[in-house]
Amino acid sequence: MYHALLSNRYLTSRVIPMVAVGAVALCVALVIIVVSVMTGFLNMVRSSGRTLMGDVIVAYPVNGIPHYQRLIARIEALPEAAAASPVVDGWGLLRMPYPVGTRKDTKSVQFWAIEPASFARVTGYDDTLYWRPPSGEMSEADYRHKLPPQRLAQALQEGRTLRDADGKPGIALGVHVSIANERQSDGSIRPIRPSRPNQPSPPTLSDFWWMPHYQVTLTAQPTAGGTMVTQPKSVIFPVVNEFFSGVYLIDESRVMIPLDVGQEMLHLNEGKRIDEEQLDELGMPTVIGIDPARATMVLVRAVEGVAPADLRLKVEAAYDVFQQELFDKGTLVPPPLRFGGGVSIKTWEQQQAKFIQPIEKERELMRTLFSLVYLVCAGLVLSIFWAIVYEKTRDIGILRSIGASRLGISWIFLRYGLVIGVGGAVFGLGLAYLIVRNINAIHGAMGDPPIGLIYITGGLALASLLITIVRSLGGRLLPMVLGVLVTVTLVLAFVGVVMLKRAGGVVIWDPSVYYFSEIPNELDRQAAVITMIGAVLFSLIGAFLPAAKAADVDPVKALRYE
Amino acid sequence: MSEIRVAQPPAPAATDTEPATRSLLSAVELYKTYRLGRVDVPVLKGATLHVKPGEWVAVLGASGSGKSTLLHLFGDLDQPDSATRKSEHGIPISKRTRSMRRGMCPKCNYPIGVSAVCTECGYSFGEVFFEGKPLSSMSRRQRDRYRNKSVGFVFQFYHLLPELTVLENTVLPGLVGLHRWRYYRQIGQLRARARSVLESCGLGHRLNHRPRELSGGERQRVAIARALMNQPKVLLADEPTGNLDETTGEEILDLVAKQHRDGLTIVMVTHDPAIARRADRLVRLHDGRIQDIQDTHG
Numbered sequence: 001m002y003h004a005l006l007s008n009r010y011l012t013s014r015v016i017p018m019v020a021v022g023a024v025a026l027c028v029a030l031v032i033i034v035v036s037v038m039t040g041f042l043n044m045v046r047s048s049g050r051t052l053m054g055d056v057i058v059a060y061p062v063n064g065i066p067h068y069q070r071l072i073a074r075i076e077a078l079p080e081a082a083a084a085s086p087v088v089d090g091w092g093l094l095r096m097p098y099p100v101g102t103r104k105d106t107k108s109v110q111f112w113a114i115e116p117a118s119f120a121r122v123t124g125y126d127d128t129l130y131w132r133p134p135s136g137e138m139s140e141a142d143y144r145h146k147l148p149p150q151r152l153a154q155a156l157q158e159g160r161t162l163r164d165a166d167g168k169p170g171i172a173l174g175v176h177v178s179i180a181n182e183r184q185s186d187g188s189i190r191p192i193r194p195s196r197p198n199q200p201s202p203p204t205l206s207d208f209w210w211m212p213h214y215q216v217t218l219t220a221q222p223t224a225g226g227t228m229v230t231q232p233k234s235v236i237f238p239v240v241n242e243f244f245s246g247v248y249l250i251d252e253s254r255v256m257i258p259l260d261v262g263q264e265m266l267h268l269n270e271g272k273r274i275d276e277e278q279l280d281e282l283g284m285p286t287v288i289g290i291d292p293a294r295a296t297m298v299l300v301r302a303v304e305g306v307a308p309a310d311l312r313l314k315v316e317a318a319y320d321v322f323q324q325e326l327f328d329k330g331t332l333v334p335p336p337l338r339f340g341g342g343v344s345i346k347t348w349e350q351q352q353a354k355f356i357q358p359i360e361k362e363r364e365l366m367r368t369l370f371s372l373v374y375l376v377c378a379g380l381v382l383s384i385f386w387a388i389v390y391e392k393t394r395d396i397g398i399l400r401s402i403g404a405s406r407l408g409i410s411w412i413f414l415r416y417g418l419v420i421g422v423g424g425a426v427f428g429l430g431l432a433y434l435i436v437r438n439i440n441a442i443h444g445a446m447g448d449p450p451i452g453l454i455y456i457t458g459g460l461a462l463a464s465l466l467i468t469i470v471r472s473l474g475g476r477l478l479p480m481v482l483g484v485l486v487t488v489t490l491v492l493a494f495v496g497v498v499m500l501k502r503a504g505g506v507v508i509w510d511p512s513v514y515y516f517s518e519i520p521n522e523l524d525r526q527a528a529v530i531t532m533i534g535a536v537l538f539s540l541i542g543a544f545l546p547a548a549k550a551a552d553v554d555p556v557k558a559l560r561y562e
Numbered sequence: 001m002s003e004i005r006v007a008q009p010p011a012p013a014a015t016d017t018e019p020a021t022r023s024l025l026s027a028v029e030l031y032k033t034y035r036l037g038r039v040d041v042p043v044l045k046g047a048t049l050h051v052k053p054g055e056w057v058a059v060l061g062a063s064g065s066g067k068s069t070l071l072h073l074f075g076d077l078d079q080p081d082s083a084t085r086k087s088e089h090g091i092p093i094s095k096r097t098r099s100m101r102r103g104m105c106p107k108c109n110y111p112i113g114v115s116a117v118c119t120e121c122g123y124s125f126g127e128v129f130f131e132g133k134p135l136s137s138m139s140r141r142q143r144d145r146y147r148n149k150s151v152g153f154v155f156q157f158y159h160l161l162p163e164l165t166v167l168e169n170t171v172l173p174g175l176v177g178l179h180r181w182r183y184y185r186q187i188g189q190l191r192a193r194a195r196s197v198l199e200s201c202g203l204g205h206r207l208n209h210r211p212r213e214l215s216g217g218e219r220q221r222v223a224i225a226r227a228l229m230n231q232p233k234v235l236l237a238d239e240p241t242g243n244l245d246e247t248t249g250e251e252i253l254d255l256v257a258k259q260h261r262d263g264l265t266i267v268m269v270t271h272d273p274a275i276a277r278r279a280d281r282l283v284r285l286h287d288g289r290i291q292d293i294q295d296t297h298g
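Those protein sequence lines, which keep their order, are chains A and B. 1 is the number of the first residue of the first sequence in our numbering; add one for each residue after it. 1 is the number of the first residue of the second sequence in our numbering; add one for each residue after it.
Please keep in mind that the hints were generated in silico from the structure rather than gathered at the bench. Watch out, some of these pointers could steer you wrong.
Here are the simulated DMTMM-like cross-link-like pairs (lysine to aspartate or glutamate), alpha carbons at most 25 Å apart as the crow flies [said to hold, decoys possible]: (1) 549/A to 213/B; (2) 149/B to 115/A; (3) 557/A to 40/B; (4) 107/A to 140/A; (5) 354/A to 325/A; (6) 149/B to 554/A.
Chain B regions said to be covered by chain A (calculated; three or more residues, Cβ under 8 Å) [unchecked claim]: (7) 70-79; (8) 138-145; (9) 174-185; (10) 211-224.
Here's a subset of chain A near chain B, in silico, CB distances under 7 Å, partners left out [unchecked claim]: (11) 238; (12) 407; (13) 556.
Note that the coordinates shown come from a computational prediction; the quantities given were computed from them, not determined experimentally. The C-beta atom is built at its ideal place from N, Cα and C for all residues, glycine as well.
Between the sequences and the hints, there should be enough to build the whole structure, so can you do that?
Spelled out as structure tokens, the structure:
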């Protein structure tokens, strides 16, 4: 039991072991943070596909799938499919309500015309609606606490149906479609307040660019309808809510409108098919049938436990039957063929493959590269222990003289290594957890350094300078050198913060580059456990050599060692 | 001051086996050579010494005469040449160790018991005996136990562990000899024993001090307390007063003498004849051998 006593005393009586624990902790934290962020990023890419598109996507762009209701009924009849929903997608121009004045901003957007109820069953649409009454999960600073709860409840209800209180079709915008929505450091959204003269105090809802309070105009150019020249179509929508999917590309460019309105805007709604050659008695073209409404996509969700790839095969089969059935019936407008007809049926992973695969490779590359950090751990522990064994040679001789075995001596140093490894791993985990959980706040602070940080670093630098001067008066070199080093570091930190503030901060995680508006902040538990075990193992490996050296110390030489 | 008288000359090597079995601690025909660079420096050249139970033996000798080496061999901190050379008299060390454990002569296979000299063929080899048993026939664990329980070391430079308090330094041999499963049952007893030893050494008021906070004399008292912690049968003291002034040295010797009066066997190495006179018996180490043995008390 003397091992515990001695290794604890060796640990606590000097600074070097603490430096080793700190260094191992930094190595562990570094690996956990990098792998966690990469894994989180990958998971976000994966889950975003599923949340936003369901498991399988049947797509026939531009022209749309006719009789899609039959297809949906057939798909929903499959035991593997939980729900299916039609979508019409297109591109348009959105006239925003800002700025103040007559010249308003116009933005290019992708609109999805959806059936909100079925769309919510297939995707996580309802959960993405941002303006909702505050709940316990929201931070105190969340702007939603400041809005009237009944107004938020109304916005949520209107967002779910895409209809306003009067039953008029409404639009749900991605939260970053409006430039008036600013993301806060806690991840929440806050609408900005335009500067107007004579602003009332306290401000009212209309004093902020809170989108559900305004109307927007969506203009779309129909492309369906063969070779006919078509006119752009504009619709004024009240903004019913905004959605926050977390995928910046989508939140910044997508809007949701009711399916029937979207079909109408793109001329994909139900219409009469006429024959211009045959005229009736009034000289008008004869109606020869009904041109059915179309959907450019059908999104399908699998029941729990069914792999998207399996569902895809079933949906393909269902589509073939659906197509054949209508074709055999001699329908006026049969659905296109799966092969050669331009219809694609893909899983969400296939749809997202161009994003997912490179990220997977990057993560493995990073994991491998950063695993070299373990060698740093081992080298660090080895060099520190080597020095300690050298310093403790005489103690080893003493211990041998009172009967300590070679194994016992080596165990003191192995235990020492174990404590450094475990201590470093635990502190590293704690550090990694703190950083990963607050990574968005840290990033936010880097983007906009708080003014207090300038005062703190400046004050510390000044205090350090004064302490250094006072301690240098004693004439000792070590306190002076230490003081100068600390002061220079603090001055550099101060200058860095000031420059950062002057430059308007740095944005490393640019949402437009990384697709997501937030840095993933979930700790990868598996990576954390593996990294911690690795750190402990490599610390032990680093301690083995000095421990063996200690065991081999000749006690007579050790006792003569001064 | 008592007169130093010349005692009987040592018995010839061939008859040294008998005292080895009767003595508490014996060195028989010890050879030890150190290598300094490319030069072999012989230190012990057949040193033989028998220490009886309860005896205080002082080993006198000039600097570099091999006094400390002899003490290290007694305390199993070092091994005589016969135990470290790959072969001795043409007999591999492994065979010698096996034969020794069986009590046979490695050369002629004659039963020699625990002797270091074969009466049949005259084969002899350097060996240290404790209670008649050769140290080289002990396993590593037994030898660790021997250093822990049977002998206690006191060094000239105290050799205390600076990170530990006086009490912890003293209790350390007890901890070393303690099995981990018995730790919680016995740690209280060990601490009580260490306190009692320290109090008997006059250090009851210094229990929680670090060695750097003590005077030289106090440090040496702690070293003595540590050596006595496990109630050893032999105290091996290497110039215990060599680093102390005369008065403090006398105090330390008084402390050692008190332990001796209580029945402790002591082997003390010194180069100071005045200090050596406190012992029961004085031997002189010269040219690598125990040359003369003097009984200081007649």
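Verification of the supplied hints:
no.: 1; hint: 549/A to 213/B; result: violated, 31 Å
no.: 2; hint: 149/B to 115/A; result: violated, 88 Å
no.: 3; hint: 557/A to 40/B; result: holds, 17 Å
no.: 4; hint: 107/A to 140/A; result: violated, 32 Å
no.: 5; hint: 354/A to 325/A; result: violated, 35 Å
no.: 6; hint: 149/B to 554/A; result: holds, 20 Å
no.: 7; hint: 70-79; result: holds (count 4)
no.: 8; hint: 138-145; result: holds (count 4)
no.: 9; hint: 174-185; result: holds (count 6)
no.: 10; hint: 211-224; result: violated (count 0)
no.: 11; hint: 238; result: violated, 76 Å
no.: 12; hint: 407; result: violated, 9 Å
no.: 13; hint: 556; result: holds, 5 Å
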